[in-house]
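In order, the protein sequences belong to chains A and B. All the letters of the first sequence, read from the start, carry residue numbers 1 to 115 under my numbering. All the letters of the second sequence, read from the start, carry residue numbers 1001 to 1110 under my numbering.
Just so you know, not all the hints are guaranteed correct.
Under 7 Å between C-beta atoms, here's a sample of chain A residues computed to sit facing chain B [said to hold, decoys possible]:
hint : residue
1    : LEU43
2    : GLU58
3    : LEU92
4    : TYR102
5    : PHE106
6    : PRO108
7    : GLY109
8    : THR113
In the BS3-like style, the derived pairs of lysine-lysine whose C-alpha atoms are separated by at most 27 Å in a straight line are [claimed, not checked]:
hint : chain 1 : residue 1 : chain 2 : residue 2
9    : A       : LYS65     : B       : LYS1105
10   : A       : LYS65     : B       : LYS1079
11   : B       : LYS1042   : A       : LYS7
12   : B       : LYS1045   : A       : LYS7
13   : A       : LYS7      : B       : LYS1002
Residues of chain A clear of chain B, computed beta-carbon distances all greater than 10 Å [stated by the list, open to error]:
hint : residue
14   : VAL3
15   : GLN41
16   : LEU45
17   : ASN50
18   : GLU103
What the hints contain is simulated information worked out from the structure, not anything from laboratory work. None of these values were measured; they are calculated from a predicted model. Every residue, glycine too, gets a C-beta built ideally from N, C-alpha and C.
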Amino acid sequence: SAVISQKPSRDICQRGTSLTIQCQVDSQVTMMFWYRQQPGQSLTLIATANQGSEATYESGFVIDKFPISRPNLTFSTLTVSNMSPEDSSIYLCSVVVAGRGYEQYFGPGTRLTVT
Amino acid sequence: RKEVEQDPGPFNVPEGATVAFNCTYSNSASQSFFWYRQDCRKEPKLLMSVYSSGNEDGRFTAQLNRASQYISLLIRDSKLSDSATYLCVALSGGYQKVTFGTGTKLQVIP
Chain A
1 SAVISQKPSR DICQRGTSLT IQCQVDSQVT MMFWYRQQPG QSLTLIATAN
51 QGSEATYESG FVIDKFPISR PNLTFSTLTV SNMSPEDSSI YLCSVVVAGR
101 GYEQYFGPGT RLTVT
Chain B
1001 RKEVEQDPGP FNVPEGATVA FNCTYSNSAS QSFFWYRQDC RKEPKLLMSV
1051 YSSGNEDGRF TAQLNRASQY ISLLIRDSKL SDSATYLCVA LSGGYQKVTF
1101 GTGTKLQVIP
């Protein structure tokens, strides 16, 4: 398995500002993802964070709004830019660990409220 | 139609009961399936993989029916601690595409 930490665990931000969320994994992982989960909803994949290259974004998500960095195999950041109340959500970092097939683990999440 | 569909519930069952959830998927090319458990205000945690031949882990049994494109999760002898939302996950595209269902909420009642 993998132990994943995220910072901050929660934040309340004003519209128009930006927040950077950090994700740290206790081991090197190849695949790292960022998800969003809005209240009462399931998880929506924002992007795959690629080490040493630009992230791969899902439909509906763009780099200008959600820039992602992945400088190494244990760390990534997601920035939520120019926030609006619609960005209020839980943002989760996730990794896949090589082992018995495909096992995906999630960080504890960052609860963001935009006022 | 959603790629992965689940009955949102809630399923309210008494302690000790057996409960089953189904999850249907629309992409016939989906190759792997999983069940995750998510407690309130917590992150999802892997519960079990779903193998073609079906698999069991204690009180939990997972089944895959490729012909009808659904997977199931059976929980026997429900405990209060089983109360959570259960998310179905389908993988396709050589593990490149991960699709989560919206989850089924289970409430086990004393």
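ask   = Is LYS65 of chain A close enough to LYS1105 of chain B, meaning Cα to Cα at most 27 Å?
value = Not OK: LYS65 of chain A and LYS1105 of chain B at ~32 Å, beyond 27 Å, violated.
query = Would the stated hint for PHE106 of chain A survive a check requiring a Cβ distance to chain B of less than 7 Å?
reply = Interface hint status for PHE106 of chain A: holds (4 Å vs cutoff 7 Å).
task = Decide, holds or violated, for the assertion that all CB atoms of chain B are farther than 10 Å from the CB of GLU103 of chain A.
result = violated, 6 Å
key: Evaluation of the interface hint that places LEU92 of chain A against chain B, nearest CB under 7 Å   = Constraint on LEU92 of chain A satisfied, holds at 6 Å.
request  = Would you mind confirming whether the straight-line C-alpha gap from LYS1042 of chain B to LYS7 of chain A stays at or under 27 Å?
outcome  = holds, 15 Å
key: Distance restraint between LYS7 of chain A and LYS1002 of chain B, which requires alpha-carbon spacing of 27 Å or less   = violated, 32 Å
message = Given GLY109 of chain A as an interface hint, is its Cβ closer than 7 Å to any Cβ of chain B?
response = holds, 5 Å
request  = Could you let me know if the closest chain B CB is still more than 10 Å away from the CB of LEU45 of chain A?
outcome  = violated, 7 Å
Assertion that VAL3 of chain A lies outside the chain B interface [Cβ separation over 10 Å] = holds, 12 Å
query = Beyond 10 Å from chain B, beta-carbon-wise, is GLN41 of chain A?
reply = violated, 7 Å
query = Holds or violated: GLU58 of chain A as interface residue toward chain B, Cβ cutoff 7 Å?
reply = violated, 10 Å
query = Given the hint that LYS1045 of chain B pairs with LYS7 of chain A, does the C-alpha gap stay at or below 27 Å?
reply = holds, 19 Å
Violated hints, in rising order: 2, 8, 9, 10, 13, 15, 16 and 18; the structure is consistent with all others.
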